[in-house]
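*Asks:* From first to last, the protein sequence lines stand for chains A and B. The opening position of the first sequence corresponds to residue 1033 in my numbering, with each subsequent residue numbered one higher. The opening position of the second sequence corresponds to residue 1033 in my numbering, with each subsequent residue numbered one higher.
Check before you lean on any hint, since a few could be wrong.
Just so you know, same-sequence chains aren't split out, so a pair can sit in one copy or run between any two.
[Said to hold, decoys possible] Below 20 Å or equal to it, Euclidean Cα-Cα: the simulated SDA-like pairs (lysine to any residue) are:
#1 Lys1502 <-> Tyr1241
#2 Lys1329 <-> His1112
#3 Lys1347 <-> Ala1444
#4 Lys1076 <-> Glu1320
#5 Lys1391 <-> Ala1327
#6 Lys1502 <-> Gly1558
#7 Lys1502 <-> Arg1429
#8 Lys1076 <-> Thr1054
#9 Lys1076 <-> Ala1327
#10 Lys1391 <-> Glu1267
#11 Lys1502 <-> Ala1353
#12 Lys1347 <-> Gly1099
#13 Lys1391 <-> Arg1268
#14 Lys1329 <-> Val1388
#15 Lys1502 <-> Ala1434
Simulated from the structure, these hints should not be mistaken for laboratory data.
Protein chains: 2
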Amino acid sequence: MLSTIGHAGLSPVSLFASSEETAAADTRIEGVISDLIEEFLQGKDVAAPIDLAMLAQRFAAAEVPAGSLRPERYLEVLRHDVMPWSNQIASPRCLAHMNQGLPGFMRALAQLVAAMNQNLTKADASRALTLCERQGLAMMHRLVYGCPAALYARHAADCESTLGIVTSGGTLANLTALWCARNAALGPCRDFPGVERAGLLDALRYYGYREAVVIGPESMHYSFTKAVGLLGLGERGLVRVAIDDRGRMDVRALRATVAACQARGACILAVVGVAGSTDAGAIDPLAEQAEVARAAKAHFHVDAAWGGPLLFSEKHRGRLAGIERADSVTIDGHKQLYLPLGIGLLLLRDPHAARVIEKQAHYLSRPGSADLGRRSLEGSRPGNALFLHAGLHIFGRQGYAALVEESIRKAALLADRIRDLADFELLADPDSNIALYRYVPEAWRDQLLGGDLSAVDHEALNRFNERLHKAQRRAGRTYVARTTLFHTRYGRDVPVVALRAVIANPLTTERDLDAVLQDQQTLAHGLAFPA
Amino acid sequence: MLSTIGHAGLSPVSLFASSEETAAADTRIEGVISDLIEEFLQGKDVAAPIDLAMLAQRFAAAEVPAGSLRPERYLEVLRHDVMPWSNQIASPRCLAHMNQGLPGFMRALAQLVAAMNQNLTKADASRALTLCERQGLAMMHRLVYGCPAALYARHAADCESTLGIVTSGGTLANLTALWCARNAALGPCRDFPGVERAGLLDALRYYGYREAVVIGPESMHYSFTKAVGLLGLGERGLVRVAIDDRGRMDVRALRATVAACQARGACILAVVGVAGSTDAGAIDPLAEQAEVARAAKAHFHVDAAWGGPLLFSEKHRGRLAGIERADSVTIDGHKQLYLPLGIGLLLLRDPHAARVIEKQAHYLSRPGSADLGRRSLEGSRPGNALFLHAGLHIFGRQGYAALVEESIRKAALLADRIRDLADFELLADPDSNIALYRYVPEAWRDQLLGGDLSAVDHEALNRFNERLHKAQRRAGRTYVARTTLFHTRYGRDVPVVALRAVIANPLTTERDLDAVLQDQQTLAHGLAFPA
């Protein structure tokens, strides 16, 4: 508990100094932190059991301490109150999250990024890192769009254009994409200064629309709900198209939705395709979506936050065919690029697409400057592009391809195992590397096999799987995520609670997959049923 | 150049492994990175001279390398192509930026944050760090609002409320504040579902407004321009109120603006006060602004991204009097809290204020959960709250107070020096710790003293100071920022190019301040005048 640790007089300036004495202190601190990291990463459990409400009491002091605390003392607090009760994201038996443990060099680079503390919004506060970021964007742009080399020679480092925008994550990348789409569709025209200047009310009036909408699959990430809310379209302006039982958008339904929106006088700002849905890892028929978007003269955005890195694999990249026709593409760094959290990418096919969101301020971002802040939603931001730059060079195409191929292979393997076990039901064939399934207690197995589970049965199974999931979380040895599906073979009226295994940790072995299933079996046997 | 470095076959999985062999490799990499950091921090120049266009050629390859690269080889690339050409943000003679070099323990913690790689959007992907974040918010809330202890006991860790929101930076904090303000002002009412659901067009119609505006001083950060654009109000919806020659909002002008907006049927969503303007570090009369906002029934937001930490100082906190009446307050972590880039804070007086932006998704953020992602613009985000938690404990109130008091003292000292030197003109008395001044070549000094500089003279001085600033950047020994002022004693029609010194590096000594001025004098003498 922090309150039990005394405060020592300490000059705050000395913490910044870099003398021999402070260098020794810094080295000691680094040593302790290395130990903490090692202890943490060697933890066997996904999450050590503790009552979080009890733990919260250790963090209840609500006043900034008056005096200072030696860093070494603070590290003791971390050792006792924080590290043991954190989530072992890197555990090969933690299949719950879309971010994973990081390679050692990434962790070490994080210290470098903090030491440099460059501010990427402004070229003269980042210099070489500005170039790293632009090179990373160019490489990812080429991976997605494969434009001729001349385009990259022209635009990779050009101050007047950009091949993409680095954000703190996929949510901001998706928001930025729709911001661009809105401003392009309702832009300046004759005497009208455009929506960004005049606002949405005047823009819709000027262009004679009754509303403006974004159309995408039911599988869209909730960042799109945030985006349409923020942009003033309202959540009602997000029109959801049905998905099939593997989680892919139904393109016939898309065509019907587009026609209906047009018929009621709506401006279709964007059509969204998903390449790797959050729930199921499902990949939409992007080429067909691109065609519909083009015919509707709408911006085509692909949210490939999860699935983008399949493009590294010759074996799997065909599944994203059509992505090269997208006006914009989101790819997350912290997912299958294995970068630390805090970096998302928006790639823009047209190097001038970001002009519609460009801002200036007289203390920075002068016209013609190399300042990246001119075209980003965020202002000051860290040099996280270095992680991207490092990842692209150290893993390379083949490295990333091998990682994603292994993950897809293992997900198929897990699906096979689940299919073979009588007490599990596979809820969908994995479209990439996320498996959806549930536990079926013995009393329901005949109905399951006979295909006559009633709504009441599903409801009972849902409650059971929720309890199983909570028991698994409490035990803390293994972990998967939980979601509710509305598009299984049982039809849209039957919500199905699913266990969701994300297979992306390179260290997860077949034995680990078995261990997760066995842990769930053991826990299920221990649950009274019905409750 | 990267292309000249060979690629070695390397299993990507081995990069994740933590065996004895990989531990040795990781230790080697950490050693190299420690050396890189030490070399970097010992660099004397603010920015080593190089032609950035030439440097860009080393980053011109636009294809992801096919093979992998050993991390050690990649570090060689950093050593040659990145580190020497980065900005020495920590130099005590770099007075250009609002972020500074970090204490050693912060750099080391960055490695820990990456190693843990917790995802703060979701409680079961962050556990104890969720509690660190909430405690950090509670402490900062108490610093600003000083509510009774019972409020913190009730809300600090409550799932149904929040004392603030952690963002990637001040821009998103300001945006989130205005998002809350918009949604509260145009919220659900009887049969109307509210602006977030129905969109801005229907909301303004329902409430009978012709437009919705945000009112703030001319000194507002450009993040407000982004925010009103994004939120659909349009840049025209940002109404700027005149500031005086020290950069503080004129409250009489604010009252007139409010009356004018009301008269034309506009909904006043928010009044913005600035506590530490970007240009001048000026602090608005917050208490009077609060009164005007309350009378207008508008949300009162204070952007204290820069000035917030003055609250730690008993000596200076009175200058922010009235901030406790704000509905929301932005404070940046990377500025005067001395945290790494990537963390901004929005503090909310009402613990339920964020309800109007709350979202849910069935794969996370269940109602009643402790998931922080329910109420943040961003989705997945890193455990940067640990830096805040560490800073508050290690510096403590007294430590932060000492830092900010020293900065303000040194800024006053720099202002005195400038006043005493015949070849500089102080353009405004520093309101906190930013000094604005310019160089005046000898030929203009009589007019300056006689008070008869013409518009043509000012124009010539502007061009000269631009050239001087560029020469200083090119030389790279010392550095300040540059801005253009429109509110000096010379009147609003005379734009004045100013040198802008931000005094916040704890290691900057009086000798360093003199060295910056001397460097500018030397460079000025070397410039032909007129050009």
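*Asks:* Does each hint hold? Answer for all of them.
*Replies:* Right, here's what the structure says about each hint:
Proximity of Lys1502 and Tyr1241 under a CA criterion of 20 Å is satisfied in neither setting, with 48 Å inside one chain copy and 49 Å between copies. Proximity of Lys1329 and His1112 under a CA criterion of 20 Å is satisfied in neither setting, with 58 Å inside one chain copy and 47 Å between copies. Taking CA atoms no more than 20 Å apart as the test, Lys1347 paired with Ala1444 passes inside one copy only; the shortest distance there is 15 Å, against 65 Å between copies. In this homomeric assembly, Lys1076 and Glu1320 never come within 20 Å of each other (Cα to Cα): the closest approach is 46 Å inside a single copy and 57 Å across copies.
Taking CA atoms no more than 20 Å apart as the test, Lys1391 paired with Ala1327 passes in neither setting, with 31 Å inside one copy and 32 Å between copies. Only within a single protomer do Lys1502 and Gly1558 lie at most 20 Å apart by alpha-carbon distance; the minimum there is 13 Å, versus 73 Å between protomers. Taking the shortest alpha-carbon separations for Lys1502 and Arg1429, neither the intra-copy value of 39 Å nor the inter-copy value of 41 Å comes in at or below 20 Å. For a Cα distance limit of 20 Å, the shortest separation of Lys1076 from Thr1054 across copies, 18 Å, qualifies, whereas the shortest one inside one copy, 35 Å, does not.
Taking CA atoms no more than 20 Å apart as the test, Lys1076 paired with Ala1327 passes in neither setting, with 54 Å inside one copy and 59 Å between copies. Taking identical chains as interchangeable, the C-alpha atoms of Lys1391 and Glu1267 lie at most 20 Å apart only when they sit on different chains, with a minimum of 11 Å there against 26 Å within one chain. Within a single copy, Lys1502 and Ala1353 get their C-alpha atoms no closer than 39 Å, and across copies no closer than 48 Å, so neither meets the 20 Å cut-off. Proximity of Lys1347 and Gly1099 under a CA criterion of 20 Å is satisfied inter-copy only: 17 Å between copies versus 59 Å inside one chain copy.
In this homomeric assembly, Lys1391 and Arg1268 come within 20 Å of each other (Cα to Cα) only across copies, at 14 Å, whereas the closest approach inside a single copy is 29 Å. For a Cα distance limit of 20 Å, the shortest separation of Lys1329 from Val1388 inside one copy, 17 Å, qualifies, whereas the shortest one across copies, 33 Å, does not. In the homo-oligomer, the alpha carbons of Lys1502 and Ala1434 never lie at most 20 Å apart, since the shortest distance is 34 Å inside one protomer and 48 Å across protomers.
The structure fails to meet hints 1, 2, 4, 5, 7, 9, 11, 15 from the earlier list, while all remaining hints are met.
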